[in-house]
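For reference, the chains in residue letters:
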Amino acid sequence: MNPKRYLRHPDLRLTALEGEGVVLHLKSRKYFSVNETGLVVLEALKEPRTFDELVAAILTEYDVSAEMATETTRGFLDHCLATAVVDEIA
Amino acid sequence: MTLPADFQVTLNVVDRVESWEDPREIFAQGEVGIRAGEPLGWVHVTWGTVPARARIDETRPLAIIEVSPQVLDQLDYFLRSFFLVTLIFLWKRARHYHMHAGTSIDSKGRGWMLIGDSCSGKSTTTALLAARGWTVSTDDIAFLTSQGDRAAVVGFRSPIALRPGGFALLGKAGGLPMTSRGKTGFWPEELGATWTQTVEPEIVVFTAVGGEHTTLTPMSSAEVLSAMLQWSIWVMFEPTAAQEHLDLLARLGRQARCYRANLAPDLFAAPGALEDFLP
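Residue numbers (our numbering), protein chains in the order written: chain A, 31 to 120; chain B, 100 to 378.
Bound-form chain B, shown alone (with noise of 0.2 Å):
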């Protein structure tokens, strides 16, 4: 993704990282701590694996970063996980919405968006899409923003990342050893599909996988702005954008068809994969 012209990351790599005055209460995501809104306004990232901090102004994108030496033994790591909430908040200062989602468009140019968490089947389907030949922009890492009067998703550019799973699923050789994460990456054109940066989703699928067969249904509209506050959760963290980023949800949802998806091993033998299920 091209960064906007006003981002301005400094990052200081120091022997001791000291720590803030912070009364506010830590959201922890995994290993990385959060502290944002009131009353001081800045947000304040830290992490646990190794000594590292950020602090991000409340409105601009600009943050300073100071990390231990010793993030450099784990960097992948750092980049994923310290350094990726980072750039949300970054991101979101610059109205682009952080999702937890994968996107690509179909034979027919339709844009679709599947939504879920790390085990629900966004991965091994977007895999499977591009083998397919559709267009493919991210597998993971969306980013929500405003295109005119459409909701469109800026995919952040990285390998498809498989676990042994998908990766027998998909039955192709090859792939990019990801060691430190147990998985195997694909770019998008090693599977044959094109890559783009942008999608105007027309059909969002909530994914979850198990069962036998595939099945796609509608949702309601309270069921799907639920589920879509609920995989793009950092608009609960500040008053920061959040009456926008909240509208830019509804808007996706306006114009898009949604489904709750049930992915099964039968979604590899279908010719047009998702689009068959669709009801």
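Chain A with its partners taken away, still in its complex shape (with noise of 0.2 Å):
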């Protein structure tokens, strides 16, 4: 079975000041603030991902460990996940 994939929403823009961003969802017309690990995983999420490419872009950029990373991205992805943000796609 293929792992799970998932893509950010197209009505999502996001930009970035000295590692905080700001996510803006046009369709719902909310804003909320990104730290700069949720940046990576966003910006990795341009394109369909599965939840371990993203843990590895999270190792790539960040010198933590592969449980921290793993961590951090599942509590941020669940949060996308939930408001909409991100889509899990076929």
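Honestly, the hints are just simulated from the structure, not real lab data. Keep in mind that a hint or two might mislead.
[As the list claims (entries may be wrong)] Computed far set for chain A versus chain B, every beta-carbon distance over 10 Å:
#	residue
1	Leu44
2	Gly49
3	Ser63
4	Glu83
5	Ala86
6	Leu111
[To be verified] Computed Cβ-Cβ distance ranges for the label pairs, DEER-style:
#	chain 1	residue 1	chain 2	residue 2	range
7	A	Phe62	B	Ala369	30 to 40 Å
8	A	Glu118	B	Arg256	47 to 57 Å
9	A	Tyr92	B	Ser257	45 to 55 Å
10	B	Gly309	A	Asp108	39 to 49 Å
11	A	Glu118	B	Glu301	40 to 50 Å
12	B	Ser257	A	Glu118	29 to 39 Å
13	A	Glu77	B	Ser118	48 to 58 Å
14	B	Leu139	A	Ser58	10 to 20 Å
15	B	Glu137	A	Asp108	44 to 54 Å
No residue lacks a Cβ here, since even glycine has one placed at the ideal position from N, Cα and C.
Take each chain as given, in its own frame, and dock them per the hints.
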């Protein structure tokens, strides 16, 4: 079975300032702040990615343990899925 | 502001303003209703005060406006509400993004931008700075744009409009009565300032009024981005130019030092005005 893949919502726009980001969801007309690791995940999700690919993106950018990267990515991805910022795709 | 050559606004005065079919949710900004984005693309502006509607092309600065003859009885209000909103969407299509802000240049040549709502002290402070000899662009209507690799702000030339409290603090006689708005207007030149069309902000101040002492507090990057977005709210309405608009807000945040300010009466006793309170 293929692993699940994820993609950020097409109505999403984001920009960054000194490691902090703001994400605008055009459909809901809401915006929120994201930290540096959130930005890395959302940038990666311009293309369809598996969870393991997102963890790898974090490990490429930061000198953290695989356990820490997995935990951080899982928490952020769950939040993004719950708020429809990121979709699970077939 | 000089209109770009490709701006095209058709204004028709009609006996009856019909409704356009439009399934989109209405966003109300005072008496002005705005529908934008998917699935139709074009922007639909309506006015609750007098029958009026505007249809703005999805990507080009083209608008067709229809108004009832009654608009002539409320022309000033029409221009500052319905027509201003229509213009904001037109300018957006010419890569100029509205911000509710004032702009000026201090004695050292540094560009300042004051951002905040209608009662946050922008106009009173701008009038004070004009009286101190600062160069002034606008106290209220600003358009963010790209100038090379910098973010610049183009100001809409109009009198600095003071409420009675601001007028009293300025302590200057005269001015232009703006009866319908309950304000008094001063052209920058009347206060001893020169006017400029464009300012490149180096210092951005998010203003609020209150307390006894004026303070300027540095802001974090996350605070800056959220606050800029809050005061350039039109980015949220439609996909058109949204990414460029957001990136330009971030560029402004990078090029400027940003502060949250509490403006108090002691500002009026300071020799250099706002620059005296920089941390």
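Hints versus structure:
1. Distance to chain B contradicts Leu44(A) as a non-interface residue, since its nearest Cβ pair spans about 7 Å, not more than 10 Å.
2. For Gly49(A), the shortest C-beta to C-beta distance to chain B comes to about 7 Å, within the 10 Å cut-off, and the non-interface label is violated.
3. For Ser63(A), the condition that its CB be more than 10 Å from all CB atoms of chain B is violated, with the nearest at approximately 4 Å.
4. Every beta carbon of chain B lies more than 10 Å from that of Glu83(A), the smallest distance being close to 24 Å; the non-interface claim holds.
5. Annotated as non-interface, Ala86(A) keeps its C-beta farther than 10 Å from every C-beta of chain B; the closest such distance is 26 Å.
6. Listed as outside the interface, Leu111(A) is consistent with that label: its C-beta sits roughly 22 Å from the nearest C-beta of chain B, beyond the 10 Å cut-off.
7. For the pair Phe62(A) and Ala369(B), the beta carbons lie near 37 Å from each other, so the given range of 30 to 40 Å is met.
8. For Glu118(A) and Arg256(B), the hinted distance range of 47 to 57 Å is satisfied, since their beta carbons lie about 52 Å from each other.
9. Remark: the range hint 45 to 55 Å for Tyr92(A) to Ser257(B) is upheld by a beta-carbon distance near 50 Å.
10. Checked against the hint of 39 to 49 Å, the C-beta distance between Gly309(B) and Asp108(A) comes to roughly 40 Å, which is consistent with it.
11. Range check, Glu118(A) to Glu301(B): Cβ separation about 45 Å, and the 40 to 50 Å hint holds.
12. Under the hint 29 to 39 Å, the C-beta atoms of Ser257(B) and Glu118(A), about 51 Å apart, miss the expected range.
13. Restraint check, Glu77(A) to Ser118(B): a C-beta distance of roughly 43 Å breaks the suggested window 48 to 58 Å.
14. Between Leu139(B) and Ser58(A) the C-beta distance comes to about 18 Å, which sits within the given range of 10 to 20 Å.
15. Distance hint check: the CB atoms of Glu137(B) and Asp108(A) are about 27 Å apart, inconsistent with the given range 44 to 54 Å.
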